[in-house]
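Residue numbers (my numbering), protein chains in the order written: chain A, 1 to 240; chain B, 1 to 114.
These are computed hints drawn from the structure, not numbers from a lab. For each residue, glycine too, the CB sits at the ideal point set by N, CA and C. Incorrect hints may have been included.
[Stated by the list, open to error] Not the full set, but computed from the structure, chain A residues with beta-carbon under 8 Å of chain B:
1. Glu75
2. Pro97
3. Val102
4. Pro106
5. Thr124
6. Val130
7. Ala160
[Unchecked claim] Partial list, computed: chain A residues near chain B (C-beta under 10 Å):
8. Cys17
9. Glu74
10. Ala94
11. Tyr96
12. Asp107
13. Ala108
14. Val114
15. Asn131
16. Ser132
17. Tyr161
18. Ala208
19. Ala209
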Amino acid sequence: MRTFSADLHIHTCLSPCGSLRMSPRAIIQSAIDRGVDLLAVTDHNTAAMVEVVSHAAAAAGLDFLYGMELQTREEVHVLAYFDRATDCLSCAEAIYPLLPDVPNVPDAFGDQVVVSLDGTILRTEPKLLVNSLDLSFSETLACIRRFGGLPVPAHIDRAAYGVLAQLGMFPEDTACQLVESDADLPPTLREMTRMCSSDAHYPEDIGAARTHFRMESVSIVELERAARGEAGRFARCQCE
Amino acid sequence: MILHELARRMDLERLVDSQDATHEIETGYVGDLLSHVLASAKSNSLWITIQRHENVVAVAQVAGLGCIVFAEGMRPEAPVIERARNAGIALYVSPASAFELAGRLHKLLHTEAP
Numbered sequence: 001m002r003t004f005s006a007d008l009h010i011h012t013c014l015s016p017c018g019s020l021r022m023s024p025r026a027i028i029q030s031a032i033d034r035g036v037d038l039l040a041v042t043d044h045n046t047a048a049m050v051e052v053v054s055h056a057a058a059a060a061g062l063d064f065l066y067g068m069e070l071q072t073r074e075e076v077h078v079l080a081y082f083d084r085a086t087d088c089l090s091c092a093e094a095i096y097p098l099l100p101d102v103p104n105v106p107d108a109f110g111d112q113v114v115v116s117l118d119g120t121i122l123r124t125e126p127k128l129l130v131n132s133l134d135l136s137f138s139e140t141l142a143c144i145r146r147f148g149g150l151p152v153p154a155h156i157d158r159a160a161y162g163v164l165a166q167l168g169m170f171p172e173d174t175a176c177q178l179v180e181s182d183a184d185l186p187p188t189l190r191e192m193t194r195m196c197s198s199d200a201h202y203p204e205d206i207g208a209a210r211t212h213f214r215m216e217s218v219s220i221v222e223l224e225r226a227a228r229g230e231a232g233r234f235a236r237c238q239c240e
Numbered sequence: 001m002i003l004h005e006l007a008r009r010m011d012l013e014r015l016v017d018s019q020d021a022t023h024e025i026e027t028g029y030v031g032d033l034l035s036h037v038l039a040s041a042k043s044n045s046l047w048i049t050i051q052r053h054e055n056v057v058a059v060a061q062v063a064g065l066g067c068i069v070f071a072e073g074m075r076p077e078a079p080v081i082e083r084a085r086n087a088g089i090a091l092y093v094s095p096a097s098a099f100e101l102a103g104r105l106h107k108l109l110h111t112e113a114p
């Protein structure tokens, strides 16, 4: 059993709101500097950067989960985690046609660039990524699970893009073991477990909020078991 | 109708002025889901919303909405105001509801216009 210092919500330079400084190397260097040893990159509605960052993480000896941050029709943000790159990429491929054909306007939203390990720009993503998929909240959870992933509703306590603000309450048919929240969970959600993460858009923000997961190994099943507190496992939030 | 005239007659509090003194408003749009506003709002609308996320400015730019009115006293934070000023998007706030504001706008545009 090991305790991982995890930041599971990090944007790369591909997210329009993410700094262009969020290259694979810069992300990994900042994670090392700040003592984060398990990370996930979670760009908006795309997984085009997960593999290159996973290679950088592996080279540095850091643990990694493949992730995305999906946006539902109701503008709820849901984090998705996968053990395998292929599952994450298949899910990303399946949702891409459900993203509206609205082009990104870099001057308004920011640049959306796929880069190599050293930060060289390989291509620009034409569709606006911070937009809603044509999937409801519950359909989004089901979609993530269908590809073998773990859905985690993002920043549920925030005024924008959180499930509570957008839908007024957690829909009854959409139970999740793990949710991301900066604040303690309300009494109605006591059966769920909270994690917190940085939602970093700049390298220096990585690890500013994190969760200590005590678990046997790095996998989404272990994350859920830590959330349930099974056999000495735990998930404990740390916000700076 | 000219935005300044509309804002005065709708009793809106100005947060960021339009860069265009002759800024013309042709119609209105009410919506809080940014993706839906992007897909549906007509340009040159007066956009009435309770959504205060910073992305409202980018959405207004892309959708060609030169002015945002925050209803129910939903005052945006300083970074939003700063961003709107840089982007040339006018911002107003009012304690009135979106229903009430849309009613005032509709009356001014459709029953009092020449």
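Status of the hints after comparison with the structure:
For glutamate 75 (chain A), the interface hint holds, the least distance from its beta-carbon to any beta-carbon of chain B being 5 Å, beneath 8 Å. Hint status for proline 97 (chain A) relative to chain B: violated, with the closest Cβ pair at about 16 Å, above 8 Å. Because the beta carbon of valine 102 (chain A) sits about 6 Å from the nearest beta carbon in chain B, less than 8 Å, this interface hint is met. Interface hint at proline 106 (chain A): violated, since its Cβ lies 10 Å from the closest Cβ of chain B, which is beyond the 8 Å cut-off.
With its C-beta approaching chain B no nearer than about 17 Å, threonine 124 (chain A) sits outside the 8 Å limit, and its interface hint is violated. Checking valine 130 (chain A) against chain B by beta carbon gives a least distance of about 7 Å; that is within 8 Å, so the hint holds. Here the hint on alanine 160 (chain A) is kept, as its CB sits about 4 Å from the closest CB of chain B, short of 8 Å. With a cut of 10 Å, the hint placing cysteine 17 (chain A) at the interface with chain B holds, because the nearest CB-to-CB distance is about 8 Å.
Because the smallest distance between the Cβ of glutamate 74 (chain A) and any Cβ of chain B comes to about 7 Å, under 10 Å, the interface hint for this residue holds. Because the beta carbon of alanine 94 (chain A) sits about 19 Å from the nearest beta carbon in chain B, more than 10 Å, this interface hint is broken. A distance limit of 10 Å between C-beta atoms decides the matter here; for tyrosine 96 (chain A) the minimum to chain B is near 15 Å, and the interface restraint is violated. Because the beta carbon of aspartate 107 (chain A) sits about 8 Å from the nearest beta carbon in chain B, less than 10 Å, this interface hint is met.
Residue-level restraint check for alanine 108 (chain A) holds (minimum Cβ-Cβ distance to chain B is 4 Å; threshold 10 Å). For the restraint placing valine 114 (chain A) at the interface with chain B, the shortest Cβ-Cβ distance is roughly 21 Å, beyond the 10 Å limit, so the hint is violated. For the restraint placing asparagine 131 (chain A) at the interface with chain B, the shortest Cβ-Cβ distance is roughly 5 Å, inside the 10 Å limit, so the hint holds. With its C-beta approaching chain B no nearer than about 4 Å, serine 132 (chain A) sits inside the 10 Å limit, and its interface hint holds.
Interface restraint check for tyrosine 161 (chain A): the shortest CB-CB distance to chain B comes to about 7 Å, inside 10 Å, so the restraint holds. The closest approach between the C-beta of alanine 208 (chain A) and any C-beta of chain B is roughly 18 Å, which is over the 10 Å cut-off, so the hint fails. A cut of 10 Å between beta carbons decides the hint on alanine 209 (chain A): the least distance to chain B is about 19 Å, and the hint is violated.
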